[in-house]
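**Q** Single-letter residue listing:
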Amino acid sequence: MADAPALELTDVTRRFGDRTVVDQLSFRVARGAVFGFLGPNGAGKTTTLRMILGLVAPTSGRLTVLGAADGRRVRDRIGFLPEERGLHPRMTPLQAAAFLGALKGVPARAARQKARSLLEGLGLGASLNTQIRRLSKGMAQQVALVCTLVHDPELLILDEPFSGLDPGHQQALEILIRERAAAGATVVFSTHVMSHAERLCDQVVLLAKGRKVFDGTVPQARSQAPGRLILEGDLTPEAISALPGVAEVAASDLPEGRRLEVWLAPGMEAHQTLSAAFRAGLPVRRFESREPGLHEAFLLLTGARAALPEVEGA
Amino acid sequence: MRRLFLILRREYLAYLLTPGFLLALVTFPLIFAASVFLPTLLSRQAPAPQLIVLDLTGIGPQGPGAYVAAQIREDRARNLPPGLAPVLVQTPASLSTAHTPDAAGRAVQAYYKAFGQDPPPPAVLVLAGSAQALDARLWTPRARLLDLSGQLEDSLTDWSRESRLRSLGLSSEAVRAVSGSGVSITAYSPASRTGKVTLTDRLPHLAALGVSYLLVTMILAGSGMILTSVVEERSSRVIEVLVTSAHPAELLLGKVLGILCLFFTGLGALAVAALLIAGQLPQGAVQESVRAVLNGGLLGWAAFFLAFGFLLYGSIFAGLAAFCETPREAQSLATPLSMLMLIPLLLVISGLQAPDSPILRAAALFPPFTPFLMLLRIADGAPAWELATGISLMALTTAGAIWVGVQAYRTGALTQGSANLWSILRRSLQRQG
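Taken in order, these protein sequences are the chains called U and B. Just so you know, the numbering used here puts the end of the first sequence at 387, numbered straight through with nothing missing. Just so you know, the numbering used here puts the end of the second sequence at 436, numbered straight through with nothing missing.
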């Protein structure tokens with residue numbers, strides 16, 4: 074069982090009445106991997122996480138969690154951080170961590186020591202005995218995270234862990250996720266923010282309307298999206314469209330000449346198109362190659378490209 | 004079991020270390036003491052009612068007016084509470100001219116009009132007619148639920164009896180002897196420890212009433228705590244973390260038992276304080292009663308029924324709360340269930356007169372009412388089969404209530420937005436199927 078994946082879903086479907094929320098979903102997550110679960114709102118991410126945790130039963134299909142058929146059977150080995158951080162507002166961070174750690178089988182004294190060290194590591198040493206309701210939202214989120222980690226789970230499930238965190242806390246969380254993965258834990262997290270997934274994930278699964286639209290590594294995901302070239306000069310869209318590998322061209326006028334945004338066909342490298350332009354003697358004054366990011370892949374694969382505005386630098 | 008204990012401890016400590024609990028611990032005995040001593044205090048503090056006796060019978064010194072006045076002076080000499088011992092007031096001139104009850108009535112109304120309302124004018128007892136047909140009217144400035152009528156009626160009945168006995172030829176000494184004679188009954192029962200029935204022997208019946216009141220109080224107060232706790236956990240999504248850490252049954256039972264332990268802590272503290280106070284008192288009825296409670300197994304039965312009753316209703320409340328979005332929603336749902344508890348309470352109050360009535364016996368076997376009523380049946384010597392049947396049915400119903408509560412809690416807790424109880428139960432049954 075040591076080689077068994079941390080998670081394996083096979084044709085998992087969940088319906089609520091007539092509505093299919095998760096449809097024939099299959100994927101595997103290797104032990105020790107950082108796994109990103111991506112998708113727009115309502116894609117079925119939270120429902121899938123709930124099925125993994127054993128809170129909701131699949132309508133059909135099979136799943137195994139740390140080798141068990143049901144997340145509830147291995148609940149002491151899982152750490153779960155819900156999207157809306159669940160903490161008793163009148164408990165202090167130390168009490169909350171000791172209580173939730175003890176529920177997961179950690180002796181109270183050890184849980185308190187561990188919680189103290191984690192909280193101090195996150196800069197919350199001065200608030201150890203302050204009631205959670207008196208902490209800022211960001212601090213409370215940090216406390217919730219500590220409560221998730223206090224029993225050293227083998228499988229960490231984080232539902233939108235970056236939402237509501239300031240950039241400093243986001244960076245601290247990224248470091249923490251890397252540390253946990255380095256220590257051998259499997260980390261599964263859902264997010265809307267592609268940059269986190271891009272930096273952290275060994276594997277990503279993209280969901281749209283309950284169906285899997287992509288399963289692979291970040292570079293593989295990127296390659297699904299077209300690259301872009303920005304060209305400036307006395308150029309015409311017709312001349313650029315005739316170049317090899319060009320899928321789409323959008324032109325805008327500049328005080329001198331034009332600016333053309335060139336979308337390349339999938340798999341096409343920007344330098345091939347650019348070389349062809351020079352070989353054809355086109356008057357290119359300035360060029361800029363933009364590699365496709367996970368964001369573009371996300372928009373393309375989830376069918377949201379037309380609906381969403383372009384994010385500069387994505 | 005470990006998780007159940009951890010959740011129980013958290014709930015227990017969450018309330019134990021709050022000012023509210025300590026305040027309740029102090030106020031509960033104060034309220035109890037107030038309920039015992041307040042009526043006496045009010046009656047002692049109230050100004051004594053004033054009374055004018057207007058005797059129009061013409062009988063003279065042997066007449067009813069003089070008799071009533073003498074008894075009132077006697078009562079005041081016995082230092083009775085002011086409310087029970089009116090003060091005689093001299094008859095004003097405006098009233099002494101009346102010779103018939105109707106004329107006296109008119110004069111009293113005019114007198115009241117002239118007197119004003121603050122302080123109120125005295126009551127006026129108008130006596131007319133003869134010894135055989137006495138016409139007695141009591142005029143009072145305000146119509147109240149309780150006035151001097153009862154007391155004056157007793158006094159005039161005594162006068163009437165004595166007057167008739169005298170007319171039959173009895174001497175004044177013989178009349179006084181007849182009036183002073185009386186018979187008191189001493190009750191005996193083989194069920195009594197000493198043979199003679201005393202307050203100590205009647206204590207279990209009173210205890211049954213007390214336990215019923217206590218259970219209703221505990222359920223009403225506890226249900227509020229359970230409802231608020233579950234709704235808070237649901238709205239803050241703490242529940243999602245908890246259900247990934249423990250079984251819903253552990254969460255529900257831990258919550259209900261934690262609050263039950265809190266109540267038992269409070270009751271235990273009050274009982275210890277009461278015992279310490281009783282220990283300081285001289286030997287007497289109080290110490291005898293304490294011994295009867297401690298020796299008779301009454302405490303054990305009381306704790307048993309309090310625990311089962313709270314578990315039964317608490318589980319249902321916790322389950323209901325799991326599909327409520329706000330405390331207000333939960334309270335409105337719990338109100339009809341709380342009203343239901345008034346039925347066994349009324350049955351206990353009525354049942355004190357006839358604890359073996361068929362209706363009470365049947366009601367005591369109805370599981371939701373058993374925790375409230377069975378102690379009264381035990382106090383009245385219920386047969387073993389009745390006790391066993393009642394407890395078995397109650398235990399089965401409590402187990403059922405816990406099951407329903409857990410199903411509702413499990414499904415309701417994880418439902419986002421408002422949920423429907425019937426769909427939750429339907430899904431739960433489907434899952435079991």
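Honestly, I wouldn't trust all of these hints.
[As the list claims (entries may be wrong)] Below, a list of computed lysine to any residue pairs in the SDA-like style, where the Cα atoms sit at most 20 angstroms apart: (1) B:K116 with B:I55; (2) U:K210 with B:R240; (3) U:K187 with U:L249; (4) U:K210 with B:S238; (5) U:K210 with U:E227; (6) U:K210 with B:E235; (7) U:K187 with U:E227; (8) B:K116 with B:A146; (9) U:K282 with U:D84.
[Claimed, not checked] In silico contact screen, one side only, chain B against chain U (beta carbon under 7 angstroms); selected entries: (10) L9; (11) R13; (12) L44; (13) R47; (14) T247; (15) S248; (16) R294.
Hints were generated in silico from the structure; no laboratory data involved. Every residue gets a Cβ at the ideal spot worked out from N, C-alpha and C, and that includes glycine.
**Q** Look at each hint and say if it fits the structure.
**A** These are the hints, each one checked on the structure:
Restraint check: the Cα-Cα separation between B:K116 and B:I55 comes to about 16 angstroms, which is no more than 20 angstroms; the hinted pair holds. Restraint check: the Cα-Cα separation between U:K210 and B:R240 comes to about 15 angstroms, which is no more than 20 angstroms; the hinted pair holds. For the proposed pair U:K187 and U:L249, the alpha carbon gap of about 15 angstroms is at most 20 angstroms, so the pair holds. Among the hinted pairs, U:K210 with B:S238 is consistent with the structure: their alpha-carbon atoms are about 16 angstroms apart, no more than 20 angstroms.
A distance of roughly 27 angstroms separates the Cα atoms of U:K210 and U:E227; the hinted pair therefore is violated under the 20 angstroms criterion. Restraint check for U:K210 and B:E235: the C-alpha separation of about 18 angstroms stays at or below 20 angstroms, so the hint holds. Distance check on the hinted pair: U:K187 and U:E227 sit about 16 angstroms apart at the alpha-carbon level, within 20 angstroms; holds. For the hint linking B:K116 to B:A146, the alpha-carbon distance of about 15 angstroms falls within 20 angstroms, and the restraint holds.
As the CA atoms of U:K282 and U:D84 are separated by approximately 15 angstroms, the hinted pair is consistent with the 20 angstroms bound. The interface hint given for B:L9 is met, as the beta carbon of that residue sits about 5 angstroms from the closest beta carbon of chain U, less than 7 angstroms. Interface restraint check: B:R13 against chain U, minimum CB-CB distance 6 angstroms, threshold 7 angstroms, status holds. Interface restraint check: B:L44 against chain U, minimum CB-CB distance 40 angstroms, threshold 7 angstroms, status violated.
Hint status for B:R47 relative to chain U: violated, with the closest Cβ pair at about 46 angstroms, above 7 angstroms. About 5 angstroms separates the beta-carbon of B:T247 from the nearest beta-carbon of chain U, less than 7 angstroms, and the hint is met. Proximity of B:S248 to chain U holds as hinted, the smallest CB-CB distance being about 4 angstroms (cut-off 7 angstroms). Below 7 angstroms, beta-carbon pairs count as interface contacts, and B:R294 has none with chain U, the closest being about 42 angstroms; its hint is therefore violated.
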